[in-house]
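Keeping their order, the protein sequence lines are chains A and B. When the count follows the working numbering, it moves up by one through the first sequence with no breaks and lands on 235 for the last residue. When the count follows the working numbering, it moves up by one through the second sequence with no breaks and lands on 235 for the last residue.
It cannot be assumed that every hint is accurate.
[As the list claims (entries may be wrong)] If we take Cβ atoms under 8 Å as the criterion, some of the chain A residues that face chain B in the derived model are:
no., residue
1, Leu40
2, Gln74
3, Ala77
4, Ser78
5, Leu115
6, Lys117
7, Val121
8, Pro178
9, Ile181
10, Thr231
11, Val232
These aren't lab readings, by the way, just hints derived from the structure by calculation. This structure is a prediction, so every number in the text was calculated from the model and none was measured. Ideal Cβ placement from N, Cα and C applies to all residues, glycine included.
Number of protein chains: 2
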Amino acid sequence: MEHTVTAFDQELRDLAGHVAEMGGIAERLVADSVAALARLDQFQAQRVVDADRRLDELQRRIEEEAVLLIARRQPMASDLREIVAALRISIDLERVGDLAKNIAKRVAAINGAGLHKSLWVGVEHLSDIVLEQMKAVLDAFTQRDDAAARAVRLRDTEIDALYTSIFRELLTYMMEDPRNISQCAHLLFCAKNLERIGDHATNIAETVHYALTGAPYGEERPKADLSAIETVTPA
Amino acid sequence: MEHTVTAFDQELRDLAGHVAEMGGIAERLVADSVAALARLDQFQAQRVVDADRRLDELQRRIEEEAVLLIARRQPMASDLREIVAALRISIDLERVGDLAKNIAKRVAAINGAGLHKSLWVGVEHLSDIVLEQMKAVLDAFTQRDDAAARAVRLRDTEIDALYTSIFRELLTYMMEDPRNISQCAHLLFCAKNLERIGDHATNIAETVHYALTGAPYGEERPKADLSAIETVTPA
């Protein structure tokens, strides 16, 4: 019996290890896609597109492990929550990879000419915060740190507010010069993708909180992305 | 023993029924969000935003049912695939609801003035196909019809091609008149959301195929969304 429990603990640790591995890859893809965008480096962008496939494979593997663990061990309460959490987090990480891939795909359609430096500063600042959130929430997961997860959840409003200001700025550039429109449209989607990666970090934070405490979801999270109702009028 | 098997069958049917219920709600939210957009009806848009919460609750409930079924029944092979499929589909449907909600939120920021009728025709055509895909894939799920699921999967290229042409058209309108830029940016996101709802229909089609045949994922699906590399130059 002692042996069985220990083997199960090891299986849980392996599952968490695979989620952490996936998290490391997802984080790197986001960082690389933003670096490719900042330098307009198409080779690096292509590497992001290729590497995303690995995340999809890992997600399927984690799903399989989680399902087999539930079926074989019939875990109760906190162990079950931990397995369900691993499954949920792997789904969020797979989406993060998709979003990074989509940023990378747009690098080819963007050239930096005509755009003011302040715009790039804004996008870079957004990506810095998003990457900090990704790192913080993955640490919270491996350290089982509920307070750290809560901090991630609260910081999402900062991302939303910054995204809304970038949205306005991009629209202003489009209005100033029609030659900016095409690349600004792609940058708009890049910024939106970063904002959504931030949402996935928040989802993961909520999952960590659920795994550690058993608290149900359902609290409304703070929301400051007002871009959906933003309009900008030409000067 | 007979009794146990029958009870399990009933539980599987209940789970599938809850997924079908979720599918019906998701489909209606998409239809309503597009109707709200077409008529610029903010009351209907608000109802979509409110109703999306129900999908989130149903998703959690399906997750809970699926996990308990796996733990209690330790199902093998095709039964296990069916439960995992229900879980995956519920996750896709929850995202479909989020995307419909996002379309609805943008209704307030869009006014129809200045936009050519052909653009609305394009967006409506896109939403028609997306809704047909949603309906077809939910029917394929309830009828366990692998051929129908395959047809959904193949038709996604049509959505991608149409989205790419709407993307170009929207950029052209932005270039023609800066007063169009703000609303066209929101329409751009609405069209993108519809295209992504189409992707979720394809995901569900792949999940139905997996549930019925046990085939692994991993085949590359056909891809014709070239919008990420599209650029449009002012006339």
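These are the hints, each one checked on the structure:
At its closest, the beta carbon of A:Leu40 sits 13 Å from a beta carbon of chain B; the interface hint therefore is violated under the 8 Å criterion. Hint status for A:Gln74 relative to chain B: holds, with the closest Cβ pair at about 5 Å, below 8 Å. At about 11 Å, the closest approach between the beta carbon of A:Ala77 and any beta carbon in chain B exceeds 8 Å, and the interface hint on this residue is violated. For A:Ser78, the interface hint is violated, since its Cβ never comes within 8 Å of a Cβ in chain B; the closest pair sits about 14 Å apart.
Checking A:Leu115 against chain B: minimum C-beta separation of about 14 Å lies over 8 Å; hint violated. A distance limit of 8 Å between C-beta atoms decides the matter here; for A:Lys117 the minimum to chain B is near 22 Å, and the interface restraint is violated. Interface restraint check: A:Val121 against chain B, minimum CB-CB distance 21 Å, threshold 8 Å, status violated. With a cut of 8 Å, the hint placing A:Pro178 at the interface with chain B holds, because the nearest CB-to-CB distance is about 4 Å.
The interface hint given for A:Ile181 holds, since its Cβ lies 5 Å from the closest Cβ of chain B, which is under the 8 Å cut-off. Contact between A:Thr231 and chain B, as hinted, is supported at the beta carbon level, the nearest pair being about 4 Å apart and thus within 8 Å. The interface hint given for A:Val232 holds, since its Cβ lies 5 Å from the closest Cβ of chain B, which is under the 8 Å cut-off.
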